[in-house]
Amino acid sequence: MLQPTAIILQAAFLLVLFLFVAWVARSTLRDLKRPDEQRSAGPPPADATGIHSAVTAGAAPSGPHDPRLVVERAPGHTPGMEYEVGNGAILGRGEQAEIRLDDPYASSRHARLSMQGGRIVLEDLGSTNGTFLNEEIVSGPQPLHQGDHVRIGDSEFHYVDN
Amino acid sequence: MSARNRELLGLLPASLLIVAGFGAVFLQEQAKLGNLSLTYGAIFLGLCLAAHLIIRVRLPDADPYLLPIIAVLASIGLVVIYRLNETLARDQAQWFVVGLIAFAATILLLRDYRVLERYRYLIAAASLFLLLLPRIPGIGQQANGAYLGIGLGPVTFQPAEFAKIGIIIFLASYLRDTRALLVSRKRFGITLPRLKHIGPLLLVWGLAMLMLVFIRDLGSSLMFFGGFLAMLYVATDRLIFPVVGFGLFGLGAWFFANTVGHVADRVSAWQHPFDPKLYEQIGGSYQIAQSLFAQADGGVWGQGFGQALISVGDSPILPAAQTDLIYAVIVNELGLIGGIVLLLIYVLFVERGFRIAVLARDSFSKLLATGLTTVVALQVFVIVGGVTKVIPLTGVTLPFVSYGGSSIVANFVIAALLLLISDRARREARR
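Protein chains in written order, with my numbering: chain A, 2 to 163; chain B, -17 to 413.
Bound-form chain B, shown alone (with noise of 0.2 Å):
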């Protein structure tokens, strides 16, 4: 079977979840099964379906696995927002055409992905703009302590979940530049690079730090260095790099949890969220608690579509369960197997992504590929770490699942990308 047919095969599974799972919300919740959930199922088929043309026509060799993998993620996202709240449902499902409407742009635009090369400070420049603007009073928001979002007029919209693509794209191109140069020097038995070589490297490690003070955002700071760190690595072939990178990194957080106050709130919520105190202070670890109490409730099976308790009147038992906590939504109505399989289908995107980067001939395709799989399985870890108490807990989405409109977009430019690399190098891999 051509690598196209088998994509267009893995689209049916994405529309048969529409359609079994909305189907199951709807019995839930007006006790009736009509044929809507067929509509719907139909409606995200041809969505899919017009994605699916884009990339035979534009990219034939391309990954066949990336678009399937997106549209069953995007469809279990589209399942429990719509459980958890209508309105949602349709704004999200609006964000998924805006999305499909830029993963379309981006191929069709970038023909060569390889010009991203020359304009890389500009490009730098530009996402280190995106990055402070929620600071900029007027329109910045804080949301929980984090300064993340930005409003314009009636839309709401995060600039670091576009900022951190082409912070990618410029440390590919940057590394693949310098890589031989960060390699050459060898001081007492260890690569040491010179000063100059090194600089901009510890300057990304200074804004990384910066991004934790201003932003005071630890998931997208951990997020962007751990990227950084996974492409130094594989450019340079030392595992000295990431050691004292991560060094380095824990070295600064541990400093900031114990100085900057929203840091250290967060620590302390993220070590004893059953402590009565935290546990009823504002912004303390009722959420952290709350989503531990909803996985457990889950058990092996879940409680089934429909059953999760979301809120009590207007206080909510699960706070911002549409974004941070919908992966404890979905550990309480699917289970132990549901959460699993969602973890699955993203190791799977991951396994695909870092396929790509293998196959890609040059440099810069095998580090742009490596960074933004990276990125992407690090906002997994990020979400889902806080979410089950591993690392404290900071507000990402959980990629095309959460609701939110900026990290959908983005998402799907990631993607685009990446199927950009992959049939470049699945082209050359041929001859």
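Extracted from the complex, chain A is given alone in its bound form (with noise of 0.2 Å):
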């Protein structure tokens, strides 16, 4: 025999399950829509190093020199090879890719170096694991300046134009 209370009680029970449930997966599909919202919160604080800011990106009055992706540990690769990237490159796990990175966690056509404005900008194509630049997820394309860190899985490199 069942009391009024106890079906009540009950009812309470599994709301408060419900209710719970939703809570949580309310705020998991808010991460997933905005997957990149727990590594940049708002803008980098104005003295922040290693991050540049994007105003003064444009600004280099003379483009760069010789520009150049120096591996620091990838595997494949010896530390301290020389990329030339000014003509851009593809970096990738795939064939056609100009930078071949050995790297499981790498995507086969993953990131893209290119020439504009007479900037080195980096790019992510779309990879599976993201691209890093100075440790912050790339999003869009980022001008790279002169020892910049850009880290695709475990591949490491650091960037120099002069």
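Rather than coming from a laboratory, the hints here were simulated on the basis of the structure.
Chain A side only, calculated, beta carbon under 8 Å to chain B, not exhaustive:
hint : residue
1    : Gln4
2    : Thr6
3    : Gln11
4    : Ala13
5    : Phe14
6    : Leu15
7    : Leu20
8    : Val22
9    : Val25
10   : Pro105
11   : Asp155
Using C-beta positions, here's what the derived DEER-type ranges look like:
hint : chain 1 : residue 1 : chain 2 : residue 2 : range
12   : A       : Gly89     : B       : Val340    : 29 to 39 Å
13   : B       : Arg100    : A       : Leu126    : 36 to 46 Å
14   : A       : Leu33     : B       : Ile264    : 47 to 57 Å
15   : B       : Leu70     : A       : Leu20     : 21 to 31 Å
Even for Gly, the Cβ is constructed at its ideal location relative to N, Cα and C.
Fit chain to chain and form the complex, with the hints in mind.
Structure below.
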């Protein structure tokens, strides 16, 4: 025999459970819609080192001189190896990539370097695991600066242009 | 709202569940509603607050939803176990406290979990030893044909619950080193690693098969091996590994199902639970058939708390109701609705776990979070799949819900490790 109060308590029990699920699921869905929310919450502070503001990016009066990508550590590459990137290059695991990454976390066409407006610009080509510029995930074209650190999976490079 | 305040808010539903759940059970059993259920809710809230404070101080950036999810699961478990047996519920509450202590100890002592990598072979050896302990005569105990528990004085203890954590740590560390090598060689257009790289992995497969024969437990074996394949897939991004792995596992399981008597019995009980001969037979299909009856009886809305028929006199209607069949009891009393919401909560747990793996920056953390989450997910699959007749029934616990000390303590350690990984990942991501 079920008591009416017991039924109400049981309904309350289920209601609390469903509300809890809805609450967690809501924030989870929000995370999924903006996957990099937690990585780039708000603009970087003005004095942040290693992150270059987009405004000063095009300000360099003369273009880069002899831009190169230097291997720091990458599977299948000798550290210190340099790639000329003045004419642009695709980084990836696939056959058509100019800079082949033997890295399981790299996509076949992972990222692109190209000359745009007198600067070398790094773009992620919709890779699965993302491209990191100075340990910030790259979303949209990012101009490179002397000494910038580029990471794809476990492959790490830095950029030099003089 | 900050992550930690969100976590604090999330603990409220769990204590409300305790109050409402215990209230409903008291009403059913004693036909009166005391304020004891409020006291229980307050004690539970206090324990969760202690865990919350430790996280607030030591892991300020950790995932805010994991602890509330665990608290909700544990509160469902406590209510249902209390409804089954008051003494067991008291035990379970004590184990919950021990679990929280283990949780706190893991967080406080293991500030940088990456030191675990240094001891990986020691951890692997200790885990193997733990797995084989139940076969040692004198302390090993056999239950329903499977060797899972050991008895040390008054306490029985299931070493496999702890061994699974150790093996996941070992595999995460091993795969971090070798994942590049595993995909480096291609033959005939497919990835074909050298024997010396794939060897240890074949060893793990052999181990899973060995467990099937020696410990006679398909569930744990599936859990370990599935967790291993998930990690292998994440480490190499090659679908061929899990495909071949499941093929090998299927082959092995099929072979043993036809040759080892104990496994064969389980399989025929699973295929024909309503066969009168198997139903009557000791260790036959009685348990799985009764579980299916109980769930069907629950319907969509359930029979109500305290309504499930657990036993008549001394003969059990639902054998092992507090461990293996707890999901069947929940579906009987709370209905399909209750079963669905419980599974949804596990889905959320697994989602949080994989999210931690996605956010983690270094390979070891990524693999460790993947492995730990997959093992919990597979454990839920093995037991819920077992009681709903999707796969042969094997006795593993429903994480955080079933009665069982080793299980709850081990799962709290898993949760602590996930929070440690999450704290580091989210702190680095914020920078």
